[in-house]
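Asker: First to last, the sequence lines map onto chains E and H. Heads up: the first sequence begins at 1 in this note's numbering, then just goes up one per residue. Heads up: the second sequence begins at 1 in this note's numbering, then just goes up one per residue.
Hints in this document: simulated from the structure, not taken from any laboratory. Honestly, I wouldn't trust all of these hints.
[Unchecked claim] In silico DMTMM-like links for lysine to aspartate or glutamate, alpha-carbon gap of 25 angstroms or less:
hint, chain 1, residue 1, chain 2, residue 2
1, H, K14, H, D88
2, H, K41, E, D11
3, H, K14, H, E52
4, H, K41, E, E14
5, E, K100, H, E52
6, E, K100, H, D27
7, E, K52, H, D27
8, H, K64, H, E87
9, H, K42, H, E63
10, E, K100, H, D65
11, H, K55, H, D88
12, E, K69, E, E55
13, E, K100, H, E63
14, E, K52, H, E107
15, H, K42, E, D11
16, H, K42, E, D82
17, E, K100, E, E31
18, E, K3, E, E66
19, H, K66, H, D88
20, H, K41, E, D82
21, E, K69, H, E107
22, E, K52, H, E52
23, H, K55, H, D65
24, H, K14, H, D65
25, E, K3, H, E59
26, H, K66, H, E87
27, H, K20, H, E63
28, E, K100, H, E59
29, H, K66, H, E52
30, E, K3, H, E107
31, H, K20, H, D88
32, E, K52, E, E31
33, E, K112, H, D65
34, E, K112, E, E58
[What the hints assert, rightly or not] So, partial list: chain H residues that the calculated Cβ filter (under 7 angstroms) puts toward chain E:
hint, residue
35, S43
36, L44
37, I93
38, F110
39, G111
40, P112
In this text the structure is predicted, and so the values were computed from the model without any measurement. The C-beta atom is built at its ideal place from N, Cα and C for all residues, glycine as well.
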Amino acid sequence: DAKTTQPTSMDCAEGRAANLPCNHSTISGNEYVYWYRQIHSQGPQYIIHGLKNNETNEMASLIITEDRKSSTLILPHATLRDTAVYYCIVRGGLFWGGFKTIFGAGTRLFVKA
Amino acid sequence: GAVVSQHPSRVICKSGTSVKIECRSLDFQATTMFWYRQFPKKSLMLMATSNEGSKATYEQGVEKDKFLINHASLTLSTLTVTSAHPEDSSFYICSARAQREGQINHEQFFGPGTRLTVL
Chain E
1 DAKTTQPTSM
11 DCAEGRAANL
21 PCNHSTISGN
31 EYVYWYRQIH
41 SQGPQYIIHG
51 LKNNETNEMA
61 SLIITEDRKS
71 STLILPHATL
81 RDTAVYYCIV
91 RGGLFWGGFK
101 TIFGAGTRLF
111 VKA
Chain H
1 GAVVSQHPSR
11 VICKSGTSVK
21 IECRSLDFQA
31 TTMFWYRQFP
41 KKSLMLMATS
51 NEGSKATYEQ
61 GVEKDKFLIN
71 HASLTLSTLT
81 VTSAHPEDSS
91 FYICSARAQR
101 EGQINHEQFF
111 GPGTRLTVL
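Using the sequences and the hints, build the whole thing.
Answerer: Here is the structure:
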């Protein structure tokens, strides 16, 4: 079973920041938080991951609470092309092989003009 | 980022036939590949984990004799849906985990998916 809880759907106005929350209250010490997104009829796309520090890359920022029980993915300036299902996943990082990536239901983000 | 391809992207077959889907990592080696299926408006469901040179590990409820997985090389895994039936119609997605010596393996790349329709 997925270890995360996300809202079913969210709306965001184009050009505004999209803040997608995720609860992972049972996360363990060696587990990372990963975010992927899936645009309709395509394979999932990696966005960002983090352990306990906030992270930022060219796509998004990831804010993880101090107790690591929740996180927020921030798309700073959402565009219509960001409309997708966003998946928050908790998974261990491991040398070689590693843990399975289990998807929950995700959040369906609608970016509106 | 690294590229994972799938072939074919779309396939339509008659009930009772077998269909093979290929998954290739184009510019990296992947010791581990994963196969998922996705029904309309649903999330991805992990079917099996495939390690190069060894038997695949199937998730509970997935029939290994029906969904044959072969991971013959570090860049190729195949999924064969045997004796396909209409209920096997789905979007099949593969994923490959990049091999990084001496580093924690964070990166996992997904293929574009294969839409299977069984008539």
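Asker: Taking the hints in turn, state whether each one holds.
Answerer: Taking the hints in turn, this is what the structure says about them:
Taking the CA atoms of K14 of chain H and D88 of chain H, the gap is near 11 angstroms; set against the 25 angstroms cutoff, the hint holds. Among the hinted pairs, K41 of chain H with D11 of chain E is consistent with the structure: their alpha-carbon atoms are about 18 angstroms apart, no more than 25 angstroms. Between K14 of chain H and E52 of chain H the CA atoms are separated by roughly 31 angstroms; this puts the pair beyond 25 angstroms, and the hint is violated. As the CA atoms of K41 of chain H and E14 of chain E are separated by approximately 24 angstroms, the hinted pair is consistent with the 25 angstroms bound.
Distance restraint check for K100 of chain E and E52 of chain H: the Cα-Cα separation of roughly 16 angstroms lies within the 25 angstroms cut-off, and the hinted pair is therefore satisfied. For a cut-off of 25 angstroms, the pair hint linking K100 of chain E to D27 of chain H stands: about 22 angstroms separates their Cα positions. Under the criterion of a C-alpha separation no larger than 25 angstroms, the hint pairing K52 of chain E with D27 of chain H is inconsistent with the structure, at around 31 angstroms. For the hint pairing K64 of chain H with E87 of chain H, the CA-to-CA distance comes to about 16 angstroms; that is within 25 angstroms, so the pair holds.
The straight-line distance between the Cα atoms of K42 of chain H and E63 of chain H is roughly 20 angstroms, inside the 25 angstroms bound, and the hint therefore holds. The hinted pair formed by K100 of chain E and D65 of chain H meets the criterion: a straight-line CA distance of about 22 angstroms does not exceed 25 angstroms. Only pairs whose Cα atoms come within 25 angstroms are accepted, and K55 of chain H paired with D88 of chain H is accepted, the gap being roughly 22 angstroms. The hinted pair formed by K69 of chain E and E55 of chain E meets the criterion: a straight-line CA distance of about 16 angstroms does not exceed 25 angstroms.
As the CA atoms of K100 of chain E and E63 of chain H are separated by approximately 18 angstroms, the hinted pair is consistent with the 25 angstroms bound. Between K52 of chain E and E107 of chain H the CA atoms are separated by roughly 18 angstroms; this keeps the pair inside 25 angstroms, and the hint holds. For a cut-off of 25 angstroms, the pair hint linking K42 of chain H to D11 of chain E stands: about 19 angstroms separates their Cα positions. In summary, the hint linking K42 of chain H to D82 of chain E is supported, as the alpha carbons are separated by about 19 angstroms, within the 25 angstroms threshold.
Among the hinted pairs, K100 of chain E with E31 of chain E is consistent with the structure: their alpha-carbon atoms are about 12 angstroms apart, no more than 25 angstroms. The straight-line distance between the Cα atoms of K3 of chain E and E66 of chain E is roughly 18 angstroms, inside the 25 angstroms bound, and the hint therefore holds. Distance check on the hinted pair: K66 of chain H and D88 of chain H sit about 10 angstroms apart at the alpha-carbon level, within 25 angstroms; holds. The hinted pair formed by K41 of chain H and D82 of chain E meets the criterion: a straight-line CA distance of about 18 angstroms does not exceed 25 angstroms.
For the suggested pair K69 of chain E and E107 of chain H, the alpha carbons sit about 23 angstroms apart, so the restraint of at most 25 angstroms is met. For the hint linking K52 of chain E to E52 of chain H, the alpha-carbon distance of about 32 angstroms lies beyond 25 angstroms, and the restraint is violated. At roughly 12 angstroms between alpha-carbon atoms, K55 of chain H and D65 of chain H fall within 25 angstroms of each other, so this suggested pair holds. Annotation: proposed proximity of K14 of chain H to D65 of chain H holds, straight-line Cα distance about 19 angstroms (limit 25 angstroms).
Of the supplied pair hints, the one linking K3 of chain E and E59 of chain H holds, its CA atoms being roughly 17 angstroms apart against a limit of 25 angstroms. Taking the CA atoms of K66 of chain H and E87 of chain H, the gap is near 12 angstroms; set against the 25 angstroms cutoff, the hint holds. Of the supplied pair hints, the one linking K20 of chain H and E63 of chain H holds, its CA atoms being roughly 16 angstroms apart against a limit of 25 angstroms. Restraint check for K100 of chain E and E59 of chain H: satisfied, since their Cα atoms lie roughly 10 angstroms apart, inside the 25 angstroms limit.
Restraint check for K66 of chain H and E52 of chain H: the C-alpha separation of about 20 angstroms stays at or below 25 angstroms, so the hint holds. Of the supplied pair hints, the one linking K3 of chain E and E107 of chain H holds, its CA atoms being roughly 19 angstroms apart against a limit of 25 angstroms. For the suggested pair K20 of chain H and D88 of chain H, the alpha carbons sit about 13 angstroms apart, so the restraint of at most 25 angstroms is met. Restraint check: the Cα-Cα separation between K52 of chain E and E31 of chain E comes to about 10 angstroms, which is no more than 25 angstroms; the hinted pair holds.
Annotation: proposed proximity of K112 of chain E to D65 of chain H is violated, straight-line Cα distance about 46 angstroms (limit 25 angstroms). Note on K112 of chain E and E58 of chain E: the hinted pairing holds, with a Cα-Cα distance of about 22 angstroms set against a maximum of 25 angstroms. Hint on S43 of chain H holds. Least Cβ distance to chain E is approximately 5 angstroms, under the 7 angstroms limit. Given hint, L44 of chain H at the interface with chain E, holds; its Cβ is 4 angstroms from that chain's nearest Cβ, closer than 7 angstroms.
With 7 angstroms as the threshold, the beta carbon of I93 of chain H comes within range of chain E, its nearest partner Cβ sitting at about 5 angstroms, so the hint holds. Among the interface hints, the one on F110 of chain H holds; its C-beta lies about 4 angstroms from the nearest C-beta in chain E, closer than the 7 angstroms criterion. Interface restraint check for G111 of chain H: the shortest CB-CB distance to chain E comes to about 5 angstroms, inside 7 angstroms, so the restraint holds. This hint holds: P112 of chain H has a C-beta 5 angstroms from the nearest C-beta of chain E, less than the 7 angstroms allowed.
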